[in-house]
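Chain order of the listed sequences is A and B. Mapped onto our numbering, the consecutive letters of the first sequence carry residue numbers 7 to 213. Mapped onto our numbering, the consecutive letters of the second sequence carry residue numbers 410 to 687.
No lab work stands behind these hints, which were simulated from the structure alone. Careful: at least some of the hints might be erroneous.
Said to hold, decoys possible - Okay, the calculated beta carbon distance ranges per label pair:
(1) B/632 with A/149: 14 to 24 Å
(2) A/141 with B/478: 37 to 47 Å
(3) B/478 with A/145: 38 to 48 Å
As the structure is a prediction and not an experimental result, all values here were calculated from the model. Cβ atoms here follow ideal geometry from the backbone N, Cα and C, with glycine treated the same way.
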Amino acid sequence: MDREGQKRIVEALVLGAPEPVSAQKLAEVVPGLEPDDARSLLAELGREYEEQGRAFEIWEVAGGYQLRTRPEYASYLRLLHRERPLRLSRAALETLAVVAYRQPVTRAEIEAVRGVEADAVLKSLLERQLVRVAGHREVPGRPILYGTTRRFLEVFGLGQLDDLPTLREVEDLLALPADGSAPPPPVSATGDESGDDAEMEPAPELH
Amino acid sequence: MESPGPIGAELRPEGVSAANACAIKLQVFEGPLDLLLHLIRLNEVDITDIPIADIATQYSEYVSLMHELDLDVAGEYLLMAATLAWIKSRMLLPPDGAGDEDEGPDPRAELVARLLEYQRFKEAAEQLGERTLEGRDVFAPQALELEPVPDEERALAVSLVALLEAFRRVLARAGGTGRHEVTAEPIHVRDRMLVVMEALAKRESLDFESLFELEPGRPWSRALLIATFLAILELVRLAAVRVYQGLDAAGVPEGTIRLRRAEGPGADDWAAAVAEIT
Numbered sequence: 007m008d009r010e011g012q013k014r015i016v017e018a019l020v021l022g023a024p025e026p027v028s029a030q031k032l033a034e035v036v037p038g039l040e041p042d043d044a045r046s047l048l049a050e051l052g053r054e055y056e057e058q059g060r061a062f063e064i065w066e067v068a069g070g071y072q073l074r075t076r077p078e079y080a081s082y083l084r085l086l087h088r089e090r091p092l093r094l095s096r097a098a099l100e101t102l103a104v105v106a107y108r109q110p111v112t113r114a115e116i117e118a119v120r121g122v123e124a125d126a127v128l129k130s131l132l133e134r135q136l137v138r139v140a141g142h143r144e145v146p147g148r149p150i151l152y153g154t155t156r157r158f159l160e161v162f163g164l165g166q167l168d169d170l171p172t173l174r175e176v177e178d179l180l181a182l183p184a185d186g187s188a189p190p191p192p193v194s195a196t197g198d199e200s201g202d203d204a205e206m207e208p209a210p211e212l213h
Numbered sequence: 410m411e412s413p414g415p416i417g418a419e420l421r422p423e424g425v426s427a428a429n430a431c432a433i434k435l436q437v438f439e440g441p442l443d444l445l446l447h448l449i450r451l452n453e454v455d456i457t458d459i460p461i462a463d464i465a466t467q468y469s470e471y472v473s474l475m476h477e478l479d480l481d482v483a484g485e486y487l488l489m490a491a492t493l494a495w496i497k498s499r500m501l502l503p504p505d506g507a508g509d510e511d512e513g514p515d516p517r518a519e520l521v522a523r524l525l526e527y528q529r530f531k532e533a534a535e536q537l538g539e540r541t542l543e544g545r546d547v548f549a550p551q552a553l554e555l556e557p558v559p560d561e562e563r564a565l566a567v568s569l570v571a572l573l574e575a576f577r578r579v580l581a582r583a584g585g586t587g588r589h590e591v592t593a594e595p596i597h598v599r600d601r602m603l604v605v606m607e608a609l610a611k612r613e614s615l616d617f618e619s620l621f622e623l624e625p626g627r628p629w630s631r632a633l634l635i636a637t638f639l640a641i642l643e644l645v646r647l648a649a650v651r652v653y654q655g656l657d658a659a660g661v662p663e664g665t666i667r668l669r670r671a672e673g674p675g676a677d678d679w680a681a682a683v684a685e686i687t
């Protein structure tokens, strides 16, 4: 099979797949194709679409490749998708942020950060498959642990979790002057993301 | 959620009556921490040195206003009001002993830490929301419903009777003396559901019986066997798993019962359902 033939098959696979398809998977399916070849074919396809001014492009998300419409056409497509539009409220985004950066994390830990109940939002995020149950913590009560899903990576256009932008440090938020002229803040510096916030227990009133 | 606009500094809460309510565009806060951050910004104060008395007063005014406008004031807002009052009182009282300013921890410290932590994630959330989202800004071809059919065995709905029979065999093999064991560790059907799903995640399909041999080295009490069976039934009910059996030449179900994870959009809701079981 010649290269053009392979390219067409790769194109068909990326179009017809229900979710992002990896270079490995493409190599398995297309005769005589190595993963690196798949990648270069996809890059070529991407360039062709650009040059031809097509309304779609190839994204690399969630460890695979996916065909997507260009953002310019969003308003038109939203008209088509009126029944199940993707709308993420601030509460959903904040909860997702906590789960994404702190996973695996319990409901109580999410609530400690946001200061409000997380039940309804978590249920909604679970149903939308942006969040998943990732086991439970081996402590009394065995609370459920939550993590993000591959769908989360897909929706947010991330190749993998490491592609999340770094969380801003508390020190950056305080923006203390570099010459150290400001008095030391009464706050305990909490730059760590390990989740082990021994210095920062939730207020006693909040479960 | 759209935020039409904050209550401006020009609007004094005590000057508002219910009649003016419809003319006001109220910023909806994502909870007490969000409201406090707003007040801190509004008053242009240093978060590391919050004038608690002022902020607490304004906070209470806002909460009263939300009440007056019939907005849903969650309990967390009232809890925070109490916290602020507590902090205020601690700031007013001298610490035990000499009354030296340097003594004792700052009563605001914990609150400030919480506020900063929340702010980190609030900003992270905003950043996430600004990304190009699939399903909102860009769209991928719709998922095709692909249901892989195993070659060797035809999928067949296995009757409850067949499952019970299979379970009875499991119990018999385990030495069903009916002896009661008191284990220190409570057994939850929910946990067993997670264990089963995890096992199925690793393999294409599993024998029904092998689900009662997971976690080798762990003693399987009768209670654990039963809880695991209930978990399987629950997962079937949720359509999270498919239970099937081979057919013999005559088309009669025979052979070992096997399970595999179900495909399709409904199947992933099991996680939400499990999370609801407490």
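Cross-check of the supplied hints:
1. Between residue 632 of chain B and residue 149 of chain A the beta carbons are some 22 Å apart, a value that agrees with the proposed interval 14 to 24 Å.
2. For residue 141 of chain A and residue 478 of chain B, the hinted distance range of 37 to 47 Å is satisfied, since their beta carbons lie about 43 Å from each other.
3. At roughly 41 Å, the beta-carbon separation of residue 478 of chain B and residue 145 of chain A lies within the given 38 to 48 Å, and the hint holds.
Going through the hint list in order, the structure satisfies each hint without exception.
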